[in-house]
Amino acid sequence: MDLDASDADAAFRAEARAWLAAHVPAAPLPSLETREGFAAHRDWERRLAADRWSVVSWPAEHGGRDASLFQWLIFEEEYYAAGAPGRVSQNGINLLAPTLFEHGTPEQRARVLGPMATGEVVWAQAWSEPEAGSDLASLRSTAVRTDGGWRLRGQKTWSSRAAFADRAFGLFRSEPGTPRPHQGLTYLMFPLDAPGVTVRPIGRLDGKPAFAELFLDDVFVPDADVIGEPGQGWRVAMSTAGNERGLTLRSPGRFTAAAERLTALWRETADPTDTALRDRVADAVIGARAYQLFTYANASRLAGGGSLGAESSLNKVFWSELDIALHETALDLLGPHGALADDADEAPAHGSWAEGYTFSLAGPVYAGTNEIQRNIIAERLLGLPKEARG
Amino acid sequence: MRFLLTDEQREFARTLDSLLGAAGTPAAVRAWAAGEHKPGRDLWARLAETGVFALAVPEEHDGMGPLPVELAVTFVELGRHAVPGPLVETVAAAALLHRLGDADAAADWLPRIAAGEALVGLCAEDAPFALDADAADTVLVVRDDTVCRTETHGPVQPALDPARRLSRPLGGTVLARGPAVTAAARHATDLARLLTAAQALGLGRALLDGTVDHVKQRTQFGRPIGSFQAVKHRLADTLIGLEFAQPLVHAAALALAAEDPSAGAEAAAAKAAAGEACYAAARTALQLHGAVGYTDEPDLSLWIRKARPLRDAWGTPAACRARVLAG
Ligand SMILES: Cc1cc2nc3c(=O)[nH]c(=O)nc-3n(C[C@H](O)[C@H](O)[C@H](O)COP(=O)(O)OP(=O)(O)OC[C@H]3O[C@@H](n4cnc5c(N)ncnc54)[C@H](O)[C@@H]3O)c2cc1C
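Protein sequences, first through last, are from chains C and E.
Under the numbering used here, the residue at position 65 of the first sequence is numbered 65, and the numbers go up by one with no gaps.
Under the numbering used here, the residue at position 228 of the second sequence is numbered 1228, and the numbers go up by one with no gaps.
Chain E with its partners taken away, still in its complex shape:
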């Protein structure tokens, strides 16, 4: 047993981190929220060049995966930089398409997903709204034992996080039907939970790091607020929450990679823990930034607004907890 990321996995994370750090992601997020997708799509293209989306797609369709552990590592970084778009959905849709048994649909979409050219929305029981359908090239909708594909959607509705644009998918043509769909959809949901958890973990780490920096330099009563114990202890608890969510994310990725029967429960555990830890990090960030934390001008607001929707996406904490106990 060696339950630690390999040097290559760490190195890949560092590469993504510096790429995204240099790419001016916050501007892309703001544009995305305003319905301008160009900067966001450029970012996707850069990510595709590093091989991010190929991790989601099997080799026979021009990918190098599926590699759940590497995907989890990737999504921590995507979350850390609040990269906009239906990232989780596109990767989960790739898993779904791969398992549907519809060779045409797979051949049609998987190579484009691997190349970072296709943004794919995905709706299922835990995700009734389509995320970013206005930017997506197509949306897959799972209902009972049927998968449909559609390019039409209702109006984009205002949302808690304006960079997560939500609408209802409309119409669609049936791609597949039957028990294979149910099994594929279950796997796609587990993967979506894992990647949402990883994203939440990265988002939470970014919120913690930014807050630690702030409390070291913000002075009140003649000293840095980071020297006050109430402040320190809240940040210590934030770190504890994130540190103990991380191994759950890694274990869930391993279980999915091995197609272990425990994967559903492991992914749900990771999602519940990381979602809550990230949300707690956002609450802490807002509180310790004071009124600055409540304004939308600093980039911090982009991260804070994402935390609650991520916590609830692809299974609320309650749904995930129930899944854990179902075994």
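Just chain C, same shape as in the assembly:
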């Protein structure tokens, strides 16, 4: 057991650090949940991709660096420590790409991954529906067979950044009346500007307009855009969901960097006699370190040929609660200034605590609510009996 970086990993870290130091924009970009911010972030993705830093863990043929899982973690640590911009392409990179690597055809990979890596095509996830959130398998939107492809009908919602994105991927019911709701679903990709698609932006809690609902009225999708076998969509989609919760959606670097900023804020501003606040700062620091180490252990297991199962749910609950604790503590340290938005005249200079706080509040909701994750932990990891279902 060791925590020592290999020479290759240390060199990778140094290279990433140097590149980021030279390229991270001096002034923060506008929020990627706004139209101008979205464009600025797309630009940033292009700059990352130009030097092959946008998808380090992908094979070189698709624009990556063939980086190992550890190197990906190292890159993320450096990325957040450098204060680099949020990733507007994350849904595609974290959710769709792993699915295509596992279930896509070579033709799909060749066509989709390149433009995803450069930010030329930004993807939205169209899974949830108004009546299908936690109970995703109850979704009703349909895909009906037609010449050379499928016709989509229905409504998707809460689709992050869909207001400005280019394409979407989602699950559709292609065989009505199956005995179980998880059966007869098909996983497809479709353009958000296709005839029949209406995108209606929905303001998030902070009013930012990039969230959207999608109305689909006879949208044509060619067979080439079905991922995996028709009817097998649930299985295809679930392999992505594990990735999302387990590792790739929220790398530890994000939290260790935030814990560093929090500690600095505490040193600058805190009343040294306020031990209650000091304890919370320390707990956030300990939590971020724990998450980092837990991830190293998981990465070691995966590198040794293991796989990630229901442990992903431990991760999801932990980082989402850690994120809220980090940001709530920061707001308390900021006192009256904590009430200001990041773009206010008197906003604190160190970091976007307000936007970070608002976003952290969504953590226990998206990527499978924490209640659902606790059910999974209890049933699959602790072996407790299933709930009675009505």
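Keep in mind that the hints were calculated from the coordinates and are not lab data.
Cβ coordinates follow ideal geometry from the N, Cα and C atoms, glycine included.
The reader is advised that the hints may include incorrect statements.
[As the list claims (entries may be wrong)] Pairs of lysine to aspartate or glutamate, EDC-like flavour, derived with a Cα cap of 16 Å:
#1 K1216/E to E387/C
#2 K208/C to E379/C
#3 K1216/E to E379/C
#4 K386/C to D1144/E
[Claimed, not checked] Far from chain E by the CB rule (all over 12 Å, computed), these chain C residues:
#5 D193
#6 R289
#7 Y296
#8 R301
#9 E328
#10 A347
#11 H350
Model the placement of chain E with the ligand on the given structure of chain C, informed by the hints.
What follows is chain E with the ligand alone, placed relative to chain C:
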């Protein structure tokens, strides 16, 4: 980087687990609490045969250590089985003795510690009461830059966990004095924190396992209480607390093994997280066992009563948190 226990380390843990499982540890704990040390000392002797105490002692004194990672693995199992006695203190005292620069004291005590023959108490800033001084062969007391050794102590005082018998050390002869003592004492405290954290982790896992078993078979309203979501979610949170404390324990052990400057902060982080996770596991265990959890007849009570004192031993959570931020 391979941040996972090796197969040998896992195997060693399994061996200890089955040895302690077969050894009737709860009876030894109850005897210990009543002031009868024989079954407990027999248990120590069996542990010594597996090499547990040798891990704490350098080779020149008949040991094979110090090996903080293996010690942490060991103490998880000692905690899982609630083994009684000044285990943490004896190992931390070995580290202290080794670093004091007093060759006679080291030659006198370290081989006996390695052989499992000497139980050693240790008092320091974070541990004002001597643990199990009535059973210990000697007690070391660190005060400022001085270490004393004593065999006398005040009365054993009633305690929250009757199997952790507390008294005040009395008198003593000076073993060493000066800056070397301060540095050695700091290292011993870091090691004590690490091992207390590991013990708490094991104790917490035992509490969780026992509670999971209970809620699967206890039926109310016509179904196992483990199918109720309030019950499940509390157990899920208990597992999360323990799972995320474990890598902190491992990282602290690595830092101590490498004598890394971060070792003090890492040990404090491990101690704060594991202590809290274990205590939360005890609260959950009591609650989900209902009134059974509040009675002292089932062995569960031995584990529950240990959780709070372990959380506070060798640095309260607040002290450990302050240490983390000191860097
Ligand atoms: C910021 C944000 C971004 C999102 N981005 C996307 C996106 O890009 N694409 C997309 O498809 N979706 C997205 N979502 C939607 C998200 O996946 C859903 O919100 C989530 O799955 C929960 O579904 P719901 O909102 O319908 O809540 P519900 O399922 O209606 O749940 C409401 C409450 O009931 C609880 N509950 C439900 N069932 C159970 C149960 N069995 N046991 C215990 N409690 C239960 C839930 O935990 C929750 O607390 C996003 C959501 C947010 C907040």
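Violated constraints from the hint list, given by number and in increasing order
2, 4, 6, 7, 8
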